[in-house]
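Novice: Residue strings, one per chain:
2 protein chains.
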Amino acid sequence: MVVERRTAACLAVGSELLGDRRLDSNSLTITRTLARYGITVEEKRVAGDSVDQVATAIREMTSRHDLVVVTGGLGPTADDITRDAVAEALGRSIEPSAEVEGWIRKRYRDLGRRMPDVCLDMARVVEGSRPLRNDRGSAPGLLVETHGRIVAVFPGVPWEMEGMLETDLVPEIAAWSGGAAKISRILLLGGVVESDTEDKIRHLYDRFGRENVTILASFGVVRLVLSAEGDEAAARRRIQTMEAAFREVLGDDVAGVDIDGLAEVVLEGLRRRGQTLATAESCTGGLISADLTDVPGASEVFLGGIVSYSNDAKEGLLGVEHETLVAHGAVSEEVALSMAGGVRERLAADWGIGITGIAGPGGGTAEKPVGLVHWAVAGPTGVEARHRVFLGDRSIIRRWSVNAALDLLRRRLDADR
Amino acid sequence: MVVERRTAACLAVGSELLGDRRLDSNSLTITRTLARYGITVEEKRVAGDSVDQVATAIREMTSRHDLVVVTGGLGPTADDITRDAVAEALGRSIEPSAEVEGWIRKRYRDLGRRMPDVCLDMARVVEGSRPLRNDRGSAPGLLVETHGRIVAVFPGVPWEMEGMLETDLVPEIAAWSGGAAKISRILLLGGVVESDTEDKIRHLYDRFGRENVTILASFGVVRLVLSAEGDEAAARRRIQTMEAAFREVLGDDVAGVDIDGLAEVVLEGLRRRGQTLATAESCTGGLISADLTDVPGASEVFLGGIVSYSNDAKEGLLGVEHETLVAHGAVSEEVALSMAGGVRERLAADWGIGITGIAGPGGGTAEKPVGLVHWAVAGPTGVEARHRVFLGDRSIIRRWSVNAALDLLRRRLDADR
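Chains as they are written, first to last, in this note's numbering: chain A, 1 to 417; chain B, 1 to 417.
Hints listed in this document are in silico derivations from the structure and should not be mistaken for laboratory results.
Do not rely on the hints blindly, as some may be mistaken.
The list cannot tell twin chains apart, which means a pair is met if one copy fits it or any two copies do.
With a cut-off of at most 27 Å between alpha-carbon atoms, the simulated DSSO-like pairs for lysine-lysine come out as follows [what the hints assert, rightly or not]: (1) LYS368 with LYS200; (2) LYS200 with LYS106; (3) LYS106 with LYS182; (4) LYS200 with LYS182; (5) LYS182 with LYS368; (6) LYS106 with LYS368.
Okay, chain A solo, but in the shape it has when bound (with noise of 0.2 Å):
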């Protein structure tokens, strides 16, 4: 079976991100819905709060290709001109309505707040489109055809943005791929670099074509993005033979499969196991246990953490002797390992993480660099413990650190299984 392939392009409103510090992120949420329908992102674009842009750019991206989402512009202030460039890219009027200005404020009663006339702005619909609800903030999208094809245009606010594309845009195209269907699996590798694991994978390309596969690093975290193409039986089939193939060749770094991280893997690995954890983090600053905490649930295996930033704190929260701190310093094997066995007895947990290390920019001597970390994990069976130094700025320097540290814990528990 042939089925024509649609493209889709994405264009993201607001003069903010055509500075030098926000990125448009929005267009990777919707790049992920299309493609669970076969609907591939050919072109993303941004572009500033003026009318004339906007509406030049919808008009070069309708003429070449079947679905154009643009996001942003659609609030009650002055700079909010997506409305207006919609009407004009299709040469459409725009007219209050009743019935949206309606949504607007019963939005406002249900937060009881008073509704200011500002937004009345936002109730002018564009000439034969479809108003589409926002049951996320006040901003209500818009649906509308031109030549056979569709504008979909989405507040710039991801969660709410999020919320329409499933429910407003998602019926519209659910269709489209007739049948043929494009799978992805993503294997999480842990405590690896990008070029190890390429080098192990390399000779598997021909065998499933190197488009494929997609290597995604980060910090120590690779994801691999294997895909097939076909019918959905057939497709299914050979991700099943792919996933195969790579996890033969990788072997226990593989973390998990279709998870979003580490984090995940070591709650969920907890859980299956009925334990619990405690965390004691110095240079991380606690943000490994916000990684573990932003994951639903967390609160059933995550009993809490001390940021133990100054030696006192170590001291005093956590049991490190004075004479350990003197003899190796605060970033040493022996503080990661007091603290990680500390805060496991101080909160009873199973499980206790410990890290220490020099972040930077300032700390660093020739013995101690900066990017020196040790970290460590006590468990039932025992204390281990780790060291390395990574390159990069201080925030480079901890996400590294949060990844090792939680692959430990994932690897003792992969092993004690």
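Starting from the structure of chain A, add chain B where the hints point.
Specialist: What follows is chain B alone, placed relative to chain A:
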């Protein structure tokens, strides 16, 4: 003096940037560099590895902008098509260059590696263009003029791109600004929502120009970007006047000027007073301490934190009374106050932050819905608590909570000044 306003566009080439994981961040560096010379980026795009798509983008962008900066697609592999696309877009031929081949061969000799034959592809030069030597990698860039406009093409690797931007592009554009400058200043507001801020400042738009004020809202923090253009002295005077006028209407909502975030404001305030801070977090799970410790030098004033996810941890590590937990529940003003006071005492800090809430998606009740968060600050002059129901998903509720707690402390530090 009237200076012609020059505009630029950024094009990132690479199919991997059209997937659901990676964003083009080179454009941020480019935007920052161009801003130094008064050049505004008005359009950003991402195109896949297709000669046709990239050529179309270059044609459209050069028809509208004085400068088009293209990154990526210059390597030696089959999917590196940017050179050919530039030739196609400008209707020029492309030919091997012995000089450029020499650069590449030398690069490999210096690395002590054999040059793969495929690298010769990188030695092909677009007719009439100036090839740019790459001191940090092997792929050369190129600079070409067309109808008085410049197309500059750099490798996608940030470190390589950044080097060539400074050595090859800056000399070309430095003269463009002709003494004119665009100066920006960012007012950071804490504990506010966008629409209220908009209401307060709207009357200033006429005076200073709508296009010179951008509002960026992010989970209880609003950044007001004020800008002024003209010759440098005049622009500086104007931005001074703008800041004074906005400060007058915004009052103590203004947390700082040209400062990254509330964590920096709080740390700076504590440093100025020679005081210290400790945190006790439940629903934010370490995000507050992670935010604080992401700032270099945080260790001077931040002593540490306790993530008391379980009730046992709240009692054992923070000294929250068992009776308080039973009588009011873990998510209550009483517990937030007790956490703030407890961590302040246990870590012997001048200030303590306590925060407890229901981040969801589970755990809500009619009386205490998902999103209910209590936070408190304990300091030398007493304790203070606030609460609110934040809307959104788990991660959004947590971001709002972090900023709310930091803002309460920021206001206390300002008030006691």
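Novice: Are the hints correct? Go through all of them and say.
Specialist: Okay, the hints, checked on the actual structure:
{"no.": "1", "hint": "LYS368 with LYS200", "verdict": "neither (32 Å within a copy, 52 Å between copies)"}
{"no.": "2", "hint": "LYS200 with LYS106", "verdict": "between (58 Å within a copy, 24 Å between copies)"}
{"no.": "3", "hint": "LYS106 with LYS182", "verdict": "neither (41 Å within a copy, 42 Å between copies)"}
{"no.": "4", "hint": "LYS200 with LYS182", "verdict": "within (25 Å within a copy, 50 Å between copies)"}
{"no.": "5", "hint": "LYS182 with LYS368", "verdict": "neither (49 Å within a copy, 43 Å between copies)"}
{"no.": "6", "hint": "LYS106 with LYS368", "verdict": "between (61 Å within a copy, 23 Å between copies)"}
Of the hints listed earlier, those the structure fails to meet are numbers 1, 3 and 5, in rising order.
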